[in-house]
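Visitor: Now for the letters of each chain:
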Amino acid sequence: MLRLHYNLEKISMGLVGAIIVAASIGGLVEIAPLFTIDEVVEVPDDLRPATPLELAGREIFIREGCYACHSQMIRSLADEIDRYGPYSLAGESAYDHPMLWGSKRTGPDLARLGGKYSDRWHVEHLIDPRAVVPASIMPAYPWLTEPLDTGLLGDELATLARLGVPYDEAAIAAAEADARAQSNPDSDGADGVRERYGEDIAVRAFDGDPSNLTEMDAVVAYLQSLGTLTKAPYKVLAEGKQ
Amino acid sequence: MTERTNPRKLPGADPHAGNRKVDPVTGYDTTGHDWGGITELNTPFPRFVIWILAATFLYSVVAWVLLPAWPVGRDYTRGLLGLDQGVEAVAGFRALSAERRGWLDRFATGDFAALQSDTALLEQATPAAQRLFADNCAACHGTSGQGGPGFPVLSDTYWLWSGDPEEIALTIRDGINANDNSRIAEMPRFDWMEQSEREALAGYVAALPSGTADGSGPEADLFAENCAACHGDGGEGGLGVGAPSLTDASTIYGQDAKTVLQTLTYGRIGVMPAWGGRLSAAEVNLLAVYVAGLSSHDGEAAK
Chain A
1 MLRLHYNLEK
11 ISMGLVGAII
21 VAASIGGLVE
31 IAPLFTIDEV
41 VEVPDDLRPA
51 TPLELAGREI
61 FIREGCYACH
71 SQMIRSLADE
81 IDRYGPYSLA
91 GESAYDHPML
101 WGSKRTGPDL
111 ARLGGKYSDR
121 WHVEHLIDPR
131 AVVPASIMPA
141 YPWLTEPLDT
151 GLLGDELATL
161 ARLGVPYDEA
171 AIAAAEADAR
181 AQSNPDSDGA
191 DGVRERYGED
201 IAVRAFDGDP
211 SNLTEMDAVV
221 AYLQSLGTLT
231 KAPYKVLAEG
241 KQ
Chain B
1 MTERTNPRKL
11 PGADPHAGNR
21 KVDPVTGYDT
31 TGHDWGGITE
41 LNTPFPRFVI
51 WILAATFLYS
61 VVAWVLLPAW
71 PVGRDYTRGL
81 LGLDQGVEAV
91 AGFRALSAER
101 RGWLDRFATG
111 DFAALQSDTA
121 LLEQATPAAQ
131 RLFADNCAAC
141 HGTSGQGGPG
151 FPVLSDTYWL
161 WSGDPEEIAL
171 TIRDGINAND
181 NSRIAEMPRF
191 DWMEQSEREA
201 LAGYVAALPS
211 GTADGSGPEA
221 DLFAENCAAC
231 HGDGGEGGLG
241 VGAPSLTDAS
251 TIYGQDAKTV
261 LQTLTYGRIG
271 VMPAWGGRLS
281 AAEVNLLAVY
291 VAGLSSHDGE
301 AAK
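In order, the protein sequence lines correspond to chains A and B.
Numbering-wise (our numbering), the first sequence opens with residue 1 and increments by one.
Numbering-wise (our numbering), the second sequence opens with residue 1 and increments by one.
Honestly, the hints are just simulated from the structure, not real lab data.
It is possible that some hints are incorrect.
[Said to hold, decoys possible] Pulled a few chain B residues facing chain A out of the computed Cβ check, cut under 7 Å: (1) P71; (2) G92; (3) L96; (4) A139; (5) C140; (6) G148; (7) G267; (8) V271; (9) P273.
[Said to hold, decoys possible] Here chain B is said to cover these stretches of chain A; the calculated rule only asks that three of the stretch's residues, wherever they fall, bring their Cβ under 8 Å from a Cβ of chain B: (10) 30-43; (11) 76-83; (12) 116-129.
[Said to hold, decoys possible] Using 20 Å as the maximum straight-line C-alpha spacing, the simulated EDC-like pairs for lysine to aspartate or glutamate come out as follows: (13) A/K10 with B/E40; (14) B/K21 with A/E9; (15) A/K10 with B/D34; (16) A/K104 with A/E39.
We treat Cβ as the ideally placed atom computed from N, Cα and C, and that holds for glycine.
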């Protein structure tokens, strides 16, 4: 076999052909399953799309590079389940474009973070992580107290709708208003948010101030939604996989 | 050191190459190129690496047969062992849980008096309690329960609701201001009050712990009218309603006049998330015993 390689190196086109063959095996194994992904990945029945405010928070999560240190995928290993909760299912991310599974954990996994800490903790922790966790090495994000730019939310929902996320015309038209209403529980639009996205959507002043819609509202709303969009992983853990 | 060997017999050497250029020092082939007298060694690849490569290739063939490997249409080859990582993980998790069941299940009873006096059981359970605390509680309450501004101290002997493990377990399970089952506690805002009155009241409250508050002034009347219903006539607090004592040395947000003024103006609604969905009843009870123990340790140290 070494001889074959030795000789192949002298025939440049032969070497090119062999490289293509070798690389396409790896490519096929990774790419071929994507052709049937719609049929193979089961989207949980109760999976809800993110609200506009959560979506805005997700964009900030991406902008600030949070995914570089925090994964959002609990691996199917016993001790991961023990620490974080039920392992992540592919279907959980069906509405995520792009998905933010990640693989590097400088900080802890965030896939089941929603509801684990209070809004106030998140706000203080994002402004100055050392204020609440003295040993933390997470950078501070004090600029998240700036007002949130909601101008592109309607377009973003429309784009995601084209990719198959179930946002209807009404949701797209109300995107900006819903983002404002979700952080202001006493506003007129709060009921509309619940109507469109479900009764148990968290509608509250995430940053503690209902009068201003800030990036902090969006990020905290997003973080509090992680792992709460479907109950499917908990069912898998309780019933076991067939 | 330059004992000449026959380069054609060296590992990796090409015995058939005709126009070979051999380096006289190492005996290895050179690449054949000559840059003004400088040539480059064509050192043969170490044999053991080649063998390792061959071995890994062989293993991959074995693995393809035994383990899930190739995508086939809408399915994949499942392998002779029929392993599935999801099944393995759930089984492993259940095995982990079963290992703990022997002692953890005893916490499910909720007979706290018996649990707290069972030193052998506590010794066995404490490492698990410490891990549960670190993973779930420490982010807000600190790694040893020392708390912080806005997050109550757990290691002292002052309690908002009760230091009784039964009550602590309820707080852990359902939280405070977290959902419909939670304990509810809200410090309302007094922004309707005149600024001057709020400032006077703040000064009065700030002076309560030291006992220097003037009980005969108008601010004492303000306190009696607005604060005493929850915090008690003397500001001693109420465990039943989660209203903090204003006379002890323990504070949540701070009891200097400036912080109190802020509390009066904007109100406070502290949230403790509910853990009933994340932790089993036994784990909640274990944590309750552990948290109750944090303060008694502190008490012992203080003696």
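Visitor: Now tell me, hint by hint, if it's right for this structure.
Guide: Against the structure, the hints come out as follows:
no., hint, verdict
1, P71, "holds, 5 Å"
2, G92, "holds, 3 Å"
3, L96, "holds, 6 Å"
4, A139, "holds, 6 Å"
5, C140, "holds, 5 Å"
6, G148, "holds, 6 Å"
7, G267, "violated, 10 Å"
8, V271, "holds, 4 Å"
9, P273, "holds, 6 Å"
10, 30-43, "holds (count 5)"
11, 76-83, "holds (count 8)"
12, 116-129, "holds (count 8)"
13, A/K10 with B/E40, "holds, 18 Å"
14, B/K21 with A/E9, "holds, 18 Å"
15, A/K10 with B/D34, "holds, 19 Å"
16, A/K104 with A/E39, "violated, 29 Å"
The earlier numbered hints that this structure contradicts are 7, 16.
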